[in-house]
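The lines below spell out each chain.
There are 2 protein chains.
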Amino acid sequence: MAVNRSELRWNGWGRVRESVALSEPQQLAVVQSLARQLGVPQSTRRVPVAIAEAELPPSRLDRGILLELGEAIGHDQVRTSVIERAQHAAGRSLPDLLRLRSGKLGRAPDAVLYPENAQHVAAVMGLAREHALSIVPFGGGSSVVGGVDPVCPQGKRAVLSLDTTRLHRLLALDGESLTATFEAGIDGPSLEAELNARGYTLGHFPQSFEHSTLGGWIAARSSGQQSDGYGGIDALLVSAKLVTPRGELSTLGVPRTATGPDLKELVLGSEGTLGVIVEATVRIRKRPAIHDVRGMLFRDFASGIKAIRALQVSGLPMSMMRLSDARETELSMLLRQDPTRSFDFTARFMQGVRGLGYRDERCALLFGIEGDEPMRVEAEMLRAQAIGVRHGGLPLGKAPGESWKRDRFRAPYLRDFLLDHGFAIDTMETAFSWSKLELGHVRVVQAMAEAARVHAGAGFAMGHISHSYADGACVYFLVLYPLAPSDTLGQWHAIKRATTDAIVQSGGTLSHHHGVGLDHAPWMAQEKGPLGLAAIRALRQAFDPEGMMNPGKLA
Amino acid sequence: MAVNRSELRWNGWGRVRESVALSEPQQLAVVQSLARQLGVPQSTRRVPVAIAEAELPPSRLDRGILLELGEAIGHDQVRTSVIERAQHAAGRSLPDLLRLRSGKLGRAPDAVLYPENAQHVAAVMGLAREHALSIVPFGGGSSVVGGVDPVCPQGKRAVLSLDTTRLHRLLALDGESLTATFEAGIDGPSLEAELNARGYTLGHFPQSFEHSTLGGWIAARSSGQQSDGYGGIDALLVSAKLVTPRGELSTLGVPRTATGPDLKELVLGSEGTLGVIVEATVRIRKRPAIHDVRGMLFRDFASGIKAIRALQVSGLPMSMMRLSDARETELSMLLRQDPTRSFDFTARFMQGVRGLGYRDERCALLFGIEGDEPMRVEAEMLRAQAIGVRHGGLPLGKAPGESWKRDRFRAPYLRDFLLDHGFAIDTMETAFSWSKLELGHVRVVQAMAEAARVHAGAGFAMGHISHSYADGACVYFLVLYPLAPSDTLGQWHAIKRATTDAIVQSGGTLSHHHGVGLDHAPWMAQEKGPLGLAAIRALRQAFDPEGMMNPGKLA
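These protein sequences, in sequence, are chains A and B. Sequential numbering from 1 applies to the first sequence in this note's numbering. Sequential numbering from 1 applies to the second sequence in this note's numbering.
Simulated from the structure, these hints should not be mistaken for laboratory data. Some hints here could point you the wrong way.
Calculated pairs, DSBU-like style, for lysine-lysine (alpha carbon to alpha carbon, straight line, at most 30 angstroms) [said to hold, decoys possible]:
#1 B:Lys-104 - A:Lys-286
#2 A:Lys-286 - A:Lys-104
#3 B:Lys-156 - B:Lys-306
#4 A:Lys-496 - A:Lys-104
#5 A:Lys-241 - A:Lys-156
#6 B:Lys-286 - A:Lys-436
#7 B:Lys-398 - B:Lys-496
#8 A:Lys-241 - B:Lys-436
#9 B:Lys-306 - A:Lys-286
#10 B:Lys-156 - B:Lys-241
#11 B:Lys-104 - B:Lys-156
#12 B:Lys-104 - B:Lys-496
#13 A:Lys-436 - B:Lys-241
#14 A:Lys-306 - B:Lys-286
#15 B:Lys-241 - B:Lys-286
#16 B:Lys-241 - B:Lys-306
#17 B:Lys-405 - B:Lys-286
#18 A:Lys-306 - A:Lys-436
Pair ranges (Cβ atoms, derived) [what the hints assert, rightly or not]:
#19 B:Ile-51 - A:Leu-173: 55 to 63 angstroms
#20 A:Arg-383 - B:Ala-302: 35 to 43 angstroms
#21 B:Ile-51 - A:Arg-383: 55 to 63 angstroms
#22 B:Ala-172 - A:Glu-68: 53 to 61 angstroms
#23 A:Ile-290 - B:Lys-405: 36 to 44 angstroms
#24 B:Pro-395 - A:Val-389: 53 to 61 angstroms
#25 B:Ser-314 - A:Val-389: 22 to 30 angstroms
#26 B:Gly-64 - A:Gly-155: 46 to 54 angstroms
#27 A:Pro-153 - B:Ala-132: 49 to 57 angstroms
#28 A:Glu-378 - B:Ala-197: 37 to 45 angstroms
#29 B:Arg-390 - A:Asn-196: 25 to 33 angstroms
#30 B:Gly-357 - A:Arg-383: 36 to 44 angstroms
A few chain B residues that don't get close to chain A, going by computed Cβ distances all over 12 angstroms [to be verified]:
#31 Arg-15
#32 Leu-28
#33 Ile-51
#34 Glu-378
Only a predicted model underlies this, so the values are computations on that prediction, with no experimental measurement involved. Quick reminder that beta carbons are idealized off the backbone N, C-alpha and C, glycines included.
Isolated chain A (complex conformation) (with noise of 0.2 angstroms):
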């Protein structure tokens, strides 16, 4: 099943027919609370433009293009309704939503093509060549760093958004290398559905999953919410096919090489800068019958912190360990509060732990282990919560898993809901060697906390560590504020480079799995260096001499 764009928001998250995980009581508690916290008045509502009242520039393509193109890859494959184009017309960051929901979408691609297979991009690199066109990639058009922006740069005439959701079909199967071949346009959901029917897993679960593509992941190297024990998608990768301006390149499908460069590398990270990727294939495995997630109260980030190193090198096989710090365990408490339900459960336990030296610092864990055998299972989870037990964890048993895995993939509704209620959320990510995590996580709160305050007048900054390693983590970030009555994209961006720096100077990475895209290039010559910067440079000029690929992005 190729992804259903009808059925989705073109300029929100998600399901036209789903929403935020709250009853209408908790939704007007939450609301209420936070405007209390912030100390702004209860906004009222804010309703984004409607697709009928949207402002799009006009398609730039001539007819003769069009005709050409639809030659290429059939008629009703080439589309430039106002629909089409405003789904494709941004990607879902912050500012992609702020510009959406303003109606005033500013740009939006001249043309939405939907091939099929290679051959259809090739030739459409070969028109776009032809009449001087840029190409952009979209997946699921669900990154977060504008990385399907539709730029057009000077001496193009006008920007082809490439759809990749009909290449969706499952190749080959080879159940002895537990391995599979997709086309990548194919979506989390039927990848797994395809992989589930037989018994296997990709195991690769992004906050996006529901609305995102392999050759998505794989564009932008992304991570999971199970990545701790899967790995990220550069561990899953074995090998992928691209269509590029100079032809097609297919890395070799063996478990690893020393014949120089990995070009399996180049293609990881790519962002559609070098080219389309239309097929790939993956490790896969034996899909497991239990997955076990648990949580545990920590009285402090730091103590959490020592817990996670430790399980890191104790050879437990973690799936996932997410470790929230002190203001993020406080919201995720206020997003489970009911005022609908006479007795809090949550709040009288979180009352009654006090007592015991979990106040105002303390952070909460989700940990999970994945297998077959429940007695296994058991132990090793027994193992686990003794690790973290040896680190001031108190045990809160297995309902914050079953809340968590139920609930995994709605979070980003969330901001839609707060965006309608006047508050933004933005989130950013970064990994830390853990010698420089705590006070990096400290000082990237502090100055994104300080930039809301001075560009908001108010705001939470917060976060969590999604992924560790033995040598660090990733570190999630999550800042709430106001949103401003007028200019809203330049208090977001205000914010956002004030946190960036952050990261940066703290020893940070401008990414630890969203990417690049349009939003950290301004930083990647501080990341990488002038000769770094030189050699992804040279890389796209070896593939793309003409620069008609994603222009603008990465580097």
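Following the hints, put chain B in place on chain A, whose structure we already have.
Chain B only, in chain A's frame:
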């Protein structure tokens, strides 16, 4: 402690005082047995030419340039003596040894330089550019693919061999992040000594461990004997610093990054073509107290493979798995025989197990698990053993493991010993996905044996699985044949060509861990495709526009 080359053979493997781990009677028995099996007369000893008789081309460098180099890095660190040039005239491949032993070196570096730091390296590059010299980075000099061959291309006046072994210090150890930063010219034993003294290990033990360097491991994308457990050098590398003709490149030291292509992946496998690796930060671990290695016998290669695949997905923390095919199992029995012992336990044992169905096709597996807690290691070992038994394995206990541990770095001495007696051994290796492995193994062994028959009149070919992954494994091939009376290099080349063609045709890579160098370069267009090759060349061009770095290698 830096490497002391005066203790090392200039024309053979390792230390002058060390040699093959066989007693005189054992040596005689081996040579007699091989001659009998190959159906050739027991040849007379072939004594390699002594250094005093070796013929080297004269150095092309004039005194002026040598003085400038000496001013840059110290006059005593610019060397043009016959022994220094001979020591840096080749790596340690079979053709290298044939060339060195013949005394007709054909090529040698025009000078050998010993820089002490990154500034020295940069200064040498500046002078090399000015005087149109080429530079061959040289670590341990153990390349088996011609990676350190002093090739002087058209347009260059001379070749400098840049010996990195004075860059040998531990610069930092971060016990919290479990990383260590070394100068890249440090050799294996010195690196482990620094770490072991502090309770850590890198866990990287390639066959060349005693005579190779950290920088060389990175440049060649090395794997070690325990990389099943620790991962290859790619998994161990956090960041690297490279001095290139266009300046320094320092990659960011974070556990993971999604900011476009990972620059560290360009350094891995760069084989000295982009610059000189001067520093590297690597992941370290607490050194485990126990390394339990045991043997197991399988009825045939296929059942051994099934056991390895089952162990791969078992979740057991295997530190190593090495499965010899029937021919190699037989050869290792031969090497273990001792004609001076009246009762040969091994021979008796092998005789005995024939009755249990372990006959001519029997294959030996070595498998290991590391840990600190004896009870846990024992329990895991029993689980591993049970999996093996389920696939028809016969446990052989710890003796084979102890003997492997004792002699694990001695195997290369065997080659010199056999060359002394007129027999050549060459090794080649590849990685296959599991579904291609069994057929690939058969085809490559057949191609090797056939090539040996055609070009040497007779020969054995065999192989073992040296590294395994969920999706496939490295197969390491050996061919043993009688040396031709003349043109031994032509004989080698014909056999190498046939073997490599068979590897490529069977879906394997040109190398799983040896690299490309000169020897595999002719096949690189086939492996990487024209576009992949163009990308690698564009990278070289970006770092080294004058083409001075390790010319002729890689692509």
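A quick look at each hint next to the structure:
1. B:Lys-104 - A:Lys-286: 57 angstroms, violated
2. A:Lys-286 - A:Lys-104: Violated, because 47 angstroms separates the two Cα atoms, which is more than 30 angstroms.
3. B:Lys-156 - B:Lys-306: 53 angstroms, violated
4. A:Lys-496 - A:Lys-104: The hint holds at about 21 angstroms.
5. A:Lys-241 - A:Lys-156: 26 angstroms, holds
6. B:Lys-286 - A:Lys-436: Holds - the C-alpha atoms of A:Lys-436 and B:Lys-286 are around 20 angstroms apart, at most 30 angstroms.
7. B:Lys-398 - B:Lys-496: Not satisfied, since the Cα-Cα distance of roughly 36 angstroms exceeds 30 angstroms.
8. A:Lys-241 - B:Lys-436: Holds, at roughly 20 angstroms.
9. B:Lys-306 - A:Lys-286: Between B:Lys-306 and A:Lys-286 the Cα gap is close to 16 angstroms, so the pair holds against 30 angstroms.
10. B:Lys-156 - B:Lys-241: Roughly 26 angstroms separates the two Cα atoms, so the pair holds.
11. B:Lys-104 - B:Lys-156: With a Cα-Cα distance of about 23 angstroms, the restraint between B:Lys-104 and B:Lys-156 holds, given a limit of 30 angstroms.
12. B:Lys-104 - B:Lys-496: With a Cα-Cα distance of about 21 angstroms, the restraint between B:Lys-104 and B:Lys-496 holds, given a limit of 30 angstroms.
13. A:Lys-436 - B:Lys-241: Distance ~20 angstroms between A:Lys-436 and B:Lys-241 Cα, so the pair holds.
14. A:Lys-306 - B:Lys-286: Between A:Lys-306 and B:Lys-286 the Cα gap is close to 16 angstroms, so the pair holds against 30 angstroms.
15. B:Lys-241 - B:Lys-286: 25 angstroms, holds
16. B:Lys-241 - B:Lys-306: Between B:Lys-241 and B:Lys-306 the Cα gap is close to 42 angstroms, so the pair fails against 30 angstroms, i.e. violated.
17. B:Lys-405 - B:Lys-286: 20 angstroms, holds
18. A:Lys-306 - A:Lys-436: Holds, at roughly 14 angstroms.
19. B:Ile-51 - A:Leu-173: 55 to 63 angstroms: Distance hint for B:Ile-51, A:Leu-173 holds at roughly 59 angstroms.
20. A:Arg-383 - B:Ala-302: 35 to 43 angstroms: For B:Ala-302 against A:Arg-383, whose Cβ atoms are near 36 angstroms apart, the range 35 to 43 angstroms holds.
21. B:Ile-51 - A:Arg-383: 55 to 63 angstroms: 59 angstroms, holds
22. B:Ala-172 - A:Glu-68: 53 to 61 angstroms: 59 angstroms, holds
23. A:Ile-290 - B:Lys-405: 36 to 44 angstroms: 38 angstroms, holds
24. B:Pro-395 - A:Val-389: 53 to 61 angstroms: Since B:Pro-395 and A:Val-389 have Cβ atoms about 38 angstroms apart, the given range 53 to 61 angstroms is violated.
25. B:Ser-314 - A:Val-389: 22 to 30 angstroms: Holds, at about 28 angstroms.
26. B:Gly-64 - A:Gly-155: 46 to 54 angstroms: Holds: the Cβ-Cβ distance is about 50 angstroms, inside 46 to 54 angstroms.
27. A:Pro-153 - B:Ala-132: 49 to 57 angstroms: 39 angstroms, violated
28. A:Glu-378 - B:Ala-197: 37 to 45 angstroms: 40 angstroms, holds
29. B:Arg-390 - A:Asn-196: 25 to 33 angstroms: 27 angstroms, holds
30. B:Gly-357 - A:Arg-383: 36 to 44 angstroms: 40 angstroms, holds
31. Arg-15: At roughly 26 angstroms from the nearest Cβ of chain A, B:Arg-15 sits farther out than 12 angstroms, so the non-interface label holds.
32. Leu-28: 38 angstroms, holds
33. Ile-51: The assertion about B:Ile-51 holds, with a minimum of 32 angstroms to chain A.
34. Glu-378: 15 angstroms, holds
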